[in-house]
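Given chain A, work out where chain B should sit, using these hints.
Protein sequence lines correspond, in order, to chains A and B.
Read in order, the letters of the first sequence are residues 11 to 417 in the numbering used here.
Read in order, the letters of the second sequence are residues 13 to 251 in the numbering used here.
To be clear, the hints were calculated from the coordinates, so they are not data collected in a lab.
Given the structure is predicted, the values throughout are model-derived calculations rather than measurements.
Be careful, since some hints might not be right.
[Stated by the list, open to error] Here are some chain B residues the structure puts well away from chain A; computed CB gaps all over 10 angstroms:
1. Asn61
2. Met84
3. Asn181
4. Glu185
5. Glu189
[What the hints assert, rightly or not] Facing chain B, from chain A, some residues (calculated, C-beta under 7 angstroms):
6. Leu326
7. Ala328
8. Leu355
9. Gly358
10. Ile411
All C-beta atoms, glycine included, are put in the ideal place defined by N, C-alpha and C.
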Amino acid sequence: MTLRLAFVMAWRGLRANRLRSLLTMLGIMIGVAAVILLVALGNGTSARLNSQLEALGTNLIGVFQARGSVSEGGQSQPLTDRDVEALRDSNEAPRFVTVTPVKQASAVLKGQYGTWRTSIVGSSQDYPAALNRTIDVGKFFSESQVKTRARVVVLGPQPVREIFGGIPAAALGQQVRIGSQTFEVTGVLEPNGQQDDVAVMPITAARTYLVDGGADDRVDQLVVQATGQDAVPAAMAKVERVLMDSHRIDDPTQKDFEVRSNLDLLEQYGEVTAVFTVFLASIAAIALLVGGIGVMNIMLVTVTERTREIGLRKALGARRRTVLEQFLVESTVLSGIGGSVGVVLGVGLCLLGERFGAAFGDFAPPQLSLPSVLLAFTVSLCIGLFFGAYPAKRAARLRPIEALRYE
Amino acid sequence: MIKLEGVGKSYRAGEAEVRALRDVELTVDDGDFVAIMGPSGSGKSTMMNILGCLDVPSEGRYLLDGIDVSGMSDDELAAIRNGKIGLVFQSYNLLPRTTALANVELPLVYGNQRARRSRAMRALEEVGLADRASHLPNQLSGGQQQRVAIARALVTRPTMILADEPTGNLDTEASCEIAEMLRRLSAAGRTVVLITHEEEIAAYARRVVRLRDGRIVSDTRRGLPDDVTQEIQRAGADA
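With the rest of the complex left out, here is chain A (with noise of 0.2 angstroms):
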């Protein structure tokens, strides 16, 4: 028999009895497009947790001195202006685009409309492109100023809020008291949803006018800028090189400071993620397998309410083989139909939540992905299979005359 009759006695089956093959399909359908959707959900939350981090600059490292003590005793060195200059100067592959101090102190700013505790960030004029921000109005400090100690500061939005009225045109050019000194605000950096609440003014100006200022050399961090996201393991292992020639440390353990990336970090929420998805993947799956018995007990009944026209159609000649793939093609048209109206529906829903998601307030759109939408799809055709190999069986193995004495 060929496989074409077997389609057409399969969907003459399945019409017969409408409502029944339509709610067997319901089971499959919801199960493979909520595998679709929610694998969709899962990558989304991921995609926008990547993009948030890789916002944070993926070729960015970081280094600060270790805490406590080193092994062995000794006392861990600070990092200091030096190992700036080191870094800095080092001739040695790959290229480093900037090198930059930070110095993290903590004030109260006095201004127009009132006071506000914040943490005061003393850097370089390479602050911005180090830490990915951006400048909202006016500008930030240029290297002259940095040398000349020049009594300038860039708010971030948040005390612009406190004590500028929200306003970053008006506070342009104002004056704010930072401990007993004056400062001018040059600029104010756009919100980055990681570090509002700062006020950043030239590493010189920080520890001459600020109390724990003074002639320390001290840094509490470096952020140093690889040329891309490819070139940070080798220049990460520059920079422990340069370091610890800088702080005469010839063992590696003995190492008082430590080097990390954001792509480490990238990295271990790349795994949180993956495991969320996957764990979304199977409550879907369960969907479908329930779908699965869904479609293997109406296969059963079909088979049963069927016996007659089945020793009918042996009577006349079917062999076994040819019953077992007729109940196999109609359990896995049944599947499939069901399957690809899931895939309709899961791509429907994905497309929506792409389009209106953003209605619903803090919510990250769901993203398709192909391979989810084709496995769902394949799985849905082998449940078909799988479910319906018994009943197909049972009906195969059916006796001509017992089934046609059936009533």
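Quick look at chain B alone, frame taken from chain A:
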């Protein structure tokens, strides 16, 4: 040619063993028209199952065109039923929601035959229902449905047409029509075996075999079919 040699069939019904057929010897020549009769429990159905290759005998041999089918597997029997036997049932057994033509085509589908449509159409013409080819079974009368079933039995050009109580669900007029059709087929050279308990229908056959308690108790040949026909028509008019 069909030949039963010492055929017996026993079933297990709970504790007891039922011997539905014992030591049956029967030869049916090509083109003959045989009626098998007997009261219920005489072994008629078992005879039908064995002749129709729906079941195998537990003793003896069954030769169909010289082939011993006694020890065949399910699938081998299916192939024999498909090619050599045309079955006609009491309740027609047409597939619902399937046109007359598609019903007639079905054995050709299972036999992997070519030119199915035209052959099915010719079989429908033979039973005089060419104009009903696209009708569904529920749009046909009982007599017409049984004629479609006969066309389905004819379509593979089988060695034997085996009709099991084909008139059991029909009124007298339709019954005569069906019996007459079977007689015509046999006159055209086909072997027809008819299982019935109605004397009027059996009267169309040239030879009547009577069963009782699983044995053949009589085997007689009738006279000319035309005389019989008149006799039956008279009987029908009386009733």
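These are the hints, each one checked on the structure:
no. : hint   : in the structure
1   : Asn61  : violated (5 angstroms)
2   : Met84  : holds (12 angstroms)
3   : Asn181 : holds (15 angstroms)
4   : Glu185 : holds (26 angstroms)
5   : Glu189 : holds (23 angstroms)
6   : Leu326 : holds (5 angstroms)
7   : Ala328 : holds (5 angstroms)
8   : Leu355 : violated (30 angstroms)
9   : Gly358 : violated (33 angstroms)
10  : Ile411 : holds (5 angstroms)
Violated hints for the displayed structure, listed by number in ascending order: 1, 8 and 9.
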